[in-house]
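Visitor: Working from the sequences, and respecting the hints, build out all of it.
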Amino acid sequence: MNASTITPELTLDWDLCTKILTGFIQSEVQRAGFHRVVVGVSGGLDSSLSVTLAAAALSPGNVWGVSMPYKASNPESLSHARLIAEWLGINFLQVDITPQIDAYFTALPDADHIRRGNKMARERMTVLYDHSAHLGALVLGTSNKTELLLGYGTLYGDMASALNPIGDLYKTQVRWLARHLKVPAEILEKTPSADLWVGQTDEEELGFTYEAVDRLLYYMVDRRYELPDLTELGFDAHFVEAVFHRVKSSQYKRRPPVIAKVSVRTIDRDFRYPRDWGL
Amino acid sequence: MEKFTLGIAQVCPALGDLDRNLALHDKILREAARQGVDLLLFPELSLTGYFLKDMVPSVALTPRDPRLNALKEMSREMAIVVGLVEESSDHRFFNAAAYLEDGKIRHLHRKFYLPTYGIFDERRYFAQGETVRAFDTRFGRMALTICEDLWHPAVPYIAALDGAELILCISASPGRGLLPEGTFANAAAWEHLNRTYARLFTCVLCYCNRVGYEDGACFWGGSEVIGPTGDVLLKAPQLEEQLLHVAVDRREVRRERIANPLLRDERLDLTVRELQRITRELQRILRLRAEGTP
Chain A
7 MNASTITPEL TLDWDLCTKI LTGFIQSEVQ RAGFHRVVVG VSGGLDSSLS
57 VTLAAAALSP GNVWGVSMPY KASNPESLSH ARLIAEWLGI NFLQVDITPQ
107 IDAYFTALPD ADHIRRGNKM ARERMTVLYD HSAHLGALVL GTSNKTELLL
157 GYGTLYGDMA SALNPIGDLY KTQVRWLARH LKVPAEILEK TPSADLWVGQ
207 TDEEELGFTY EAVDRLLYYM VDRRYELPDL TELGFDAHFV EAVFHRVKSS
257 QYKRRPPVIA KVSVRTIDRD FRYPRDWGL
Chain Y
1050 MEKFTLGIAQ VCPALGDLDR NLALHDKILR EAARQGVDLL LFPELSLTGY
1100 FLKDMVPSVA LTPRDPRLNA LKEMSREMAI VVGLVEESSD HRFFNAAAYL
1150 EDGKIRHLHR KFYLPTYGIF DERRYFAQGE TVRAFDTRFG RMALTICEDL
1200 WHPAVPYIAA LDGAELILCI SASPGRGLLP EGTFANAAAW EHLNRTYARL
1250 FTCVLCYCNR VGYEDGACFW GGSEVIGPTG DVLLKAPQLE EQLLHVAVDR
1300 REVRRERIAN PLLRDERLDL TVRELQRITR ELQRILRLRA EGTP
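These protein sequences, in sequence, are chains A and Y. Throughout, my numbering is defined as the position within the first sequence, counted from one, plus 6. Throughout, my numbering is defined as the position within the second sequence, counted from one, plus 1049.
Treat the hints as calculated values from the structure; they're not laboratory data. Computed from a predicted structure; not experimentally measured. We treat Cβ as the ideally placed atom computed from N, Cα and C, and that holds for glycine. Please note that a few of the clues may not be correct.
To be verified - Below, computed lysine-lysine pairings styled on DSBU-like, alpha-carbon distance capped at 30 Å:
#: 1; chain 1: Y; residue 1: Lys1153; chain 2: Y; residue 2: Lys1052
#: 2; chain 1: A; residue 1: Lys25; chain 2: Y; residue 2: Lys1052
#: 3; chain 1: A; residue 1: Lys259; chain 2: Y; residue 2: Lys1102
#: 4; chain 1: Y; residue 1: Lys1052; chain 2: A; residue 2: Lys267
#: 5; chain 1: A; residue 1: Lys25; chain 2: Y; residue 2: Lys1284
#: 6; chain 1: A; residue 1: Lys77; chain 2: A; residue 2: Lys254
#: 7; chain 1: A; residue 1: Lys254; chain 2: Y; residue 2: Lys1153
#: 8; chain 1: Y; residue 1: Lys1076; chain 2: Y; residue 2: Lys1153
#: 9; chain 1: A; residue 1: Lys25; chain 2: Y; residue 2: Lys1102
Claimed, not checked - If you want the footprint, here are the derived chain Y segments under chain A, 3+ residues with CB under 8 Å:
#: 10; segment: 1094-1104
#: 11; segment: 1227-1234
#: 12; segment: 1259-1268
Guide: Now the structure itself:
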């Protein structure tokens, strides 16, 4: 991903964007009766941006960054997580998830890296929600719009949160906003990776660059271009088809579980209240 | 009143909490009274919040509801526009705006165009209003509209031809499409509409939007008052709660209508005739379709 350019279509007013996202965090946290948040910090860009916005919104003392390494995690992830926490002056916790992961897979030695990666993501979720109750802090999400649309995340794992300030920003926009907020260069410039196994990188696993897919998703989702219109814009037909397939096939990850309807009023279908109901 | 002070309460109502919102109105009204405001506007659904969904019936009020008495009482001192869910006697629910003056509701507008696309879902929860009427007040003849109403030019057109010199619009506009230019795409569009209508209908246009967040949507504020020449008389900041006021001189409308007699030259007969023709033709097409003629 080229860090120095941005597709013109994805350019925003970064000051106003910051104001809106910090205002959102304040409003959503306070109306729920909280004043703290807890965030899983991986040392990557998304969680670094989320935690930076939270520190600006709530003051650093009300933000807990939790680093949750596994023994095979890249040591750079932990050092960058520590770096962003120190840079912001937020509270920092480290919880090693190796014992529980290894305990689980001892009985399942043949489990592949996908199962292991998902298990780690869900283990981290339980650590965050445990600290949520312990600290009286809401879990702040770190999923961006690109990965939410592509389903590039673990359901009930890293996708779980109480509120997500960056879920309407594509990865390219996350990088630009982070740059605008002067997130340390080591974090800004490293290759995006979920770090669920050694050597994993997002773009290699996905098979395309964030820059390319963000521009495609912008036209496909935000601008509602039909598939033939997208190839007319110059996108490769196979690329368009593959991305569209990913978006469709991961729809279930973006919705609550489907409920069989038998009563006169079913939750979510005709029992419709805002999520902010009663707050 | 030839000259009066027009106030805008760019507030953040609590979602689904009538009591808290009534208290908020009371507080703002007292402050506005101290500032000498003659007419104060609150935003769309100011008594209830906007994304109500299934809460709509729970926060609905009839015009005679005693919970409106305090507002009616305060309107003896200052005219007030509030947004509410109005329940009719046959239990339909309207997204409504009430104009209160001299202790009573002098005019009630039921939102005519209910947006049901994109982020909006109003037709699912509300019944549609059926009239657009100008009405007389202490400050001259005016019309009251709600948000999406003004995205249909027939509404300000009817209001102006019905004699409105002042078009009020209360709004709950969530920002959509953040731009590099420091605003939302729909906010920029609103600013175009407001200036265009004020100029075309040589009237004062007052746009009162809300701020705050509901379900992650950010209401952008940016309320404004535009004079009959399209000039900005008052502009509220984006995103911030503000109580602002501006002096409005009705003679400006007169002056502009002398210099630019667009309304005098309006061909209402032509408009009506052509619209009737279009209606007849549409009806003919529908009739033929019903009869199975291709």
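Visitor: With reference to the structure, classify each hint as holding or not holding.
Guide: Hint check results:
1. Y:Lys1153 with Y:Lys1052: Satisfied, since the Cα-Cα distance of roughly 23 Å is no more than 30 Å.
2. A:Lys25 with Y:Lys1052: 37 Å, violated
3. A:Lys259 with Y:Lys1102: 24 Å, holds
4. Y:Lys1052 with A:Lys267: Distance ~60 Å between Lys1052 of chain Y and Lys267 of chain A Cα, so the pair is violated.
5. A:Lys25 with Y:Lys1284: Given that 30 Å is the threshold and the Cα spacing comes to 19 Å, the pair holds.
6. A:Lys77 with A:Lys254: The given pair, whose Cα atoms are some 35 Å apart, is violated under the 30 Å limit.
7. A:Lys254 with Y:Lys1153: 54 Å, violated
8. Y:Lys1076 with Y:Lys1153: 20 Å, holds
9. A:Lys25 with Y:Lys1102: 27 Å, holds
10. 1094-1104: holds (count 5)
11. 1227-1234: Since 6 is at least three, the answer is holds.
12. 1259-1268: Satisfied; 6 residues make the cut.
Checked against the numbered hints given earlier, the structure breaks hints 2, 4, 6, 7 and satisfies all the rest.
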